Amino acid sequence: MMLAQRHMEATTARSGGSSLASLSDLRPDTVSPHDQDALEALFDTWTFQDQLSTLIRGAVQSRRLAEQHLCAARSLVEAARSAEPAEYRDHLASVRAARRRAHECSAYARQCENRANTIAMASGFHPGPAR
Numbered sequence: 022m023m024l025a026q027r028h029m030e031a032t033t034a035r036s037g038g039s040s041l042a043s044l045s046d047l048r049p050d051t052v053s054p055h056d057q058d059a060l061e062a063l064f065d066t067w068t069f070q071d072q073l074s075t076l077i078r079g080a081v082q083s084r085r086l087a088e089q090h091l092c093a094a095r096s097l098v099e100a101a102r103s104a105e106p107a108e109y110r111d112h113l114a115s116v117r118a119a120r121r122r123a124h125e126c127s128a129y130a131r132q133c134e135n136r137a138n139t140i141a142m143a144s145g146f147h148p149g150p151a152r
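Following the numbering used here, the numbering of the sequence shown begins with 22 at its first residue and continues without gaps.
In short, the hints are calculated from the structure, not lab data.
There may be inaccurate statements among the hints.
Said to hold, decoys possible - FRET-style restraints, in silico, Cβ to Cβ: (1) 143 with 103: 46 to 54 angstroms; (2) 113 with 139: 19 to 27 angstroms; (3) 106 with 131: 36 to 44 angstroms; (4) 71 with 99: 51 to 59 angstroms; (5) 114 with 135: 27 to 35 angstroms; (6) 124 with 144: 45 to 53 angstroms; (7) 69 with 124: 28 to 36 angstroms; (8) 114 with 77: 47 to 55 angstroms; (9) 78 with 105: 40 to 48 angstroms; (10) 98 with 77: 30 to 38 angstroms; (11) 68 with 109: 47 to 55 angstroms.
Being a predicted model, the structure only gives us computed values, none of them experimental.
The beta carbon of each residue, even a glycine, is placed where N, CA and C say it ideally should be.
Given the sequences, and given the hints that come with them, work out the whole structure.
Structure (structure tokens):
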């Protein structure tokens with residue numbers, strides 16, 4: 022187990038379990054953005070309304086997940102600053118991995134939002150004025 026992950030678990034235990042238990046717990050509920058064939062097959066049989074609600078939900082979940090990854094990365098940066106020089110590289114590797122996962126989640130959320138906008142426009146949905 023990487024040192025940064027142990028630090029996260031120790032921090033979680035001290036804070037009463039309010040933050041993430043480990044970085045491995047961060048898994049999206051949606052289809053992987055890397056599995057384009059599964060996405061296409063999934064949407065081929067659905068109506069516009071089904072696709073739109075699923076895409077919006079996927080975007081929201083992916084944004085939340087990206088924020089969790091960024092929060093974990095910030096915690097890992099703090100841990101790296103107080104780490105021994107020998108442990109510093111492990112912490113930085115964990116920070117890079119958390120930021121990469123956050124970027125992937127944000128990219129997937131943007132993809133979901135773009136598809137949702139396309140479906141909404143194709144189905145004739147036009148939003149009213151913003152309040």
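Structure-based check of all given hints:
1. Residue 143 and residue 103 have their C-beta atoms about 52 angstroms apart, which keeps the hinted 46 to 54 angstroms range intact.
2. A beta carbon spacing of about 39 angstroms between residue 113 and residue 139 contradicts the range 19 to 27 angstroms that was offered as a hint.
3. Under the hint 36 to 44 angstroms, the C-beta atoms of residue 106 and residue 131, about 38 angstroms apart, fit the expected range.
4. Range check, residue 71 to residue 99: about 43 angstroms between beta-carbon atoms, so the 51 to 59 angstroms window is missed.
5. The hinted window of 27 to 35 angstroms between residue 114 and residue 135 holds, with their beta carbons roughly 32 angstroms apart.
6. The given range of 45 to 53 angstroms is broken by residue 124 and residue 144, whose C-beta atoms sit roughly 31 angstroms from each other.
7. For the hinted restraint 28 to 36 angstroms between residue 69 and residue 124, the CB-CB distance of approximately 30 angstroms keeps it satisfied.
8. Roughly 34 angstroms separates the CB atoms of residue 114 and residue 77, a value that falls outside the hinted 47 to 55 angstroms.
9. The supplied range of 40 to 48 angstroms is met by residue 78 and residue 105, whose beta-carbon atoms lie about 43 angstroms from each other.
10. About 32 angstroms separates the C-beta atoms of residue 98 and residue 77, a value consistent with the hinted range of 30 to 38 angstroms.
11. The given range of 47 to 55 angstroms is respected by residue 68 and residue 109, whose C-beta atoms sit roughly 53 angstroms from each other.
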